[in-house]
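Protein chains: 2
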Amino acid sequence: MSVIECIPNISEGRRQDVLDACAAAIAAAGARLLDVKPDATHHRTVFTFAGSAGTVRAAVLALFDEAVRAIDLRQHAGGHPRMGAVDVVPFVPIEGVTMADCVALAKEVGADVASRYGVPVFLYEEAASAPSRRNLEDIRRGEFEGLATKMAQPEWQPDFGPAMPHASAGATAIGARMPLIAYNINLATDRLDVAKKIAAAVRHSSGGLRFVKAMGLALTDRGIVQISMNLTHHEKTPLFRVFELVKREAARYGVAVLESEIVGLVPASALAATAAWYLQLDGFTDDQVLENRLRAGDGP
Amino acid sequence: MSVIECIPNISEGRRQDVLDACAAAIAAAGARLLDVKPDATHHRTVFTFAGSAGTVRAAVLALFDEAVRAIDLRQHAGGHPRMGAVDVVPFVPIEGVTMADCVALAKEVGADVASRYGVPVFLYEEAASAPSRRNLEDIRRGEFEGLATKMAQPEWQPDFGPAMPHASAGATAIGARMPLIAYNINLATDRLDVAKKIAAAVRHSSGGLRFVKAMGLALTDRGIVQISMNLTHHEKTPLFRVFELVKREAARYGVAVLESEIVGLVPASALAATAAWYLQLDGFTDDQVLENRLRAGDGP
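Quick note, the sequences are listed as chains A and B, same order. Take any residue in the first sequence, note its place counting from 1, add 780, and you have its number in this note's numbering. Take any residue in the second sequence, note its place counting from 1, add 780, and you have its number in this note's numbering.
No wet-lab data here; the hints were simulated from the structure. Take the hints with a grain of salt, since some may be wrong.
Identical copies go unnamed one by one, so any copy, or any two together, can satisfy a pair.
[Claimed, not checked] List time: in silico SDA-like cross-link candidates among lysine to any residue, alpha-carbon distance up to 25 Å: (1) Lys1016 / Leu1074; (2) Lys1027 / Gln1060; (3) Lys993 / Gln1060; (4) Lys976 / Ala807; (5) Lys1016 / Asp1066; (6) Lys930 / Phe991.
Only chain A is shown next, with the shape it has when bound in the complex (with noise of 0.2 Å):
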């Protein structure tokens, strides 16, 4: 068995006909939907699907026939960053795939929407051709509107495709990346300037641990403060050093760790990396996960 996710993002969040069609497109081509997630502020939907990297492929292809027939960028206004219709499209290795699987994946992709809708395409992250392209925000700088601008630099050239936008689809980001996991944790006080002094102690911009973006914030309701986290490489930052090392912060203002919290998903193995730290599990493996061993290919 081989997973791979894909969560693109469109620059369409208030049209359910479109939406509609985009998800019945996804499910057309084999993948399996996980979630849509529309916002009609941003005009901008997420949605998450995985299957095989044939599946991913068809029903990637298959959003693009929808959202580039459906969404013009000309007359797309949102509050958050976009170039193109098709806005970002990442893959991400989940079971029985690298990551050099999914880099491989985003360049098949990437090739095919170039040549088939006339699209331009970045990679980006993992599948990045050059360092200065590795971050998304880099690439949208100037976002739709500055894109005919951007893309007449040398340097702003397309991995696939034509030098200039599409006239209403603009320009796409494919790019391959681990797992996102959306953590937060909770103290047992509401002094926001503790929790400030700890996210800028534990991110990465800051001189904290490399794979943490962290901040602050109130939790008004609740009379308490929290450190709101996304953690985008959990094998190399895992779990378990967030947890402690904001511990440890937040016991030098003598504050304790209410609790934490997962939002959304998290993959089986990052549970699994944390039970065995905290267990010192000396040569521990993750086919000694019973589920695994079910799911494997192989007998005894």
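Given chain A, work out where chain B should sit, using these hints.
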């Protein structure tokens, strides 16, 4: 997807042709054979397989076909207590099934075995018809050689089948139980007395945690000692509580935990519960595990 695990023990650990025929019969019935562990000294073999209720039921009957034909307990001697050609058949709920489903399956298979082979069946553990029959050790006490005398007593009538042992195949215990976790904790000391004291403190039989069996032993080649345990109900007596209690008891003797180990397989839910406890996860449910969502029947 519904998965039941079955771990039958048969009284044959030497004749490879018999073991091969048993393994082939299990696989031919459609079950997924996960492990075969013969023990020549004990003259006994443990099979591990899994499948749906119907598949597992067919596989157990196929195993009886082979074992009742090939094994004669009048000719059998080995180190391990035993009373039947097929000695014991536990059913374990793994995924999408309840303990009640496994109890029902034990009763169905028990009735089948009695009527097809004339082998008396005692239901045990969660399937037991009386508290005095829960423990396998109590049912099996006296072994094959004492079975005719034992079964002459009114309190040892079988749950299914004749009130006397099968001439060559004896009797079989069939039941339902939680998955066992074989869990060891190694201490950074060579003091066997400390390991024995800690084992006594944490095991159920001497006043410790309800679903823990434990003994202290020396790993002489490494110069350390080990608390060797079986956890018989990981939901009610979870891994993390056992680990933390052993760690605390060891600290009382000035001894540190070196590492722990899981021998063989562990259910994913036992690791998820451990991660959730140490991370103080609030409101976490198993359907937040990405892999579980991929396998669930529901869409968005």
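How the hints compare with the structure:
{"no.": "1", "hint": "Lys1016 / Leu1074", "verdict": "between (27 Å within a copy, 24 Å between copies)"}
{"no.": "2", "hint": "Lys1027 / Gln1060", "verdict": "both (19 Å within a copy, 11 Å between copies)"}
{"no.": "3", "hint": "Lys993 / Gln1060", "verdict": "between (27 Å within a copy, 20 Å between copies)"}
{"no.": "4", "hint": "Lys976 / Ala807", "verdict": "neither (42 Å within a copy, 59 Å between copies)"}
{"no.": "5", "hint": "Lys1016 / Asp1066", "verdict": "both (17 Å within a copy, 23 Å between copies)"}
{"no.": "6", "hint": "Lys930 / Phe991", "verdict": "neither (29 Å within a copy, 66 Å between copies)"}
In summary, the structure is inconsistent with hints 4 and 6 from the numbered list given earlier, while agreeing with the others.
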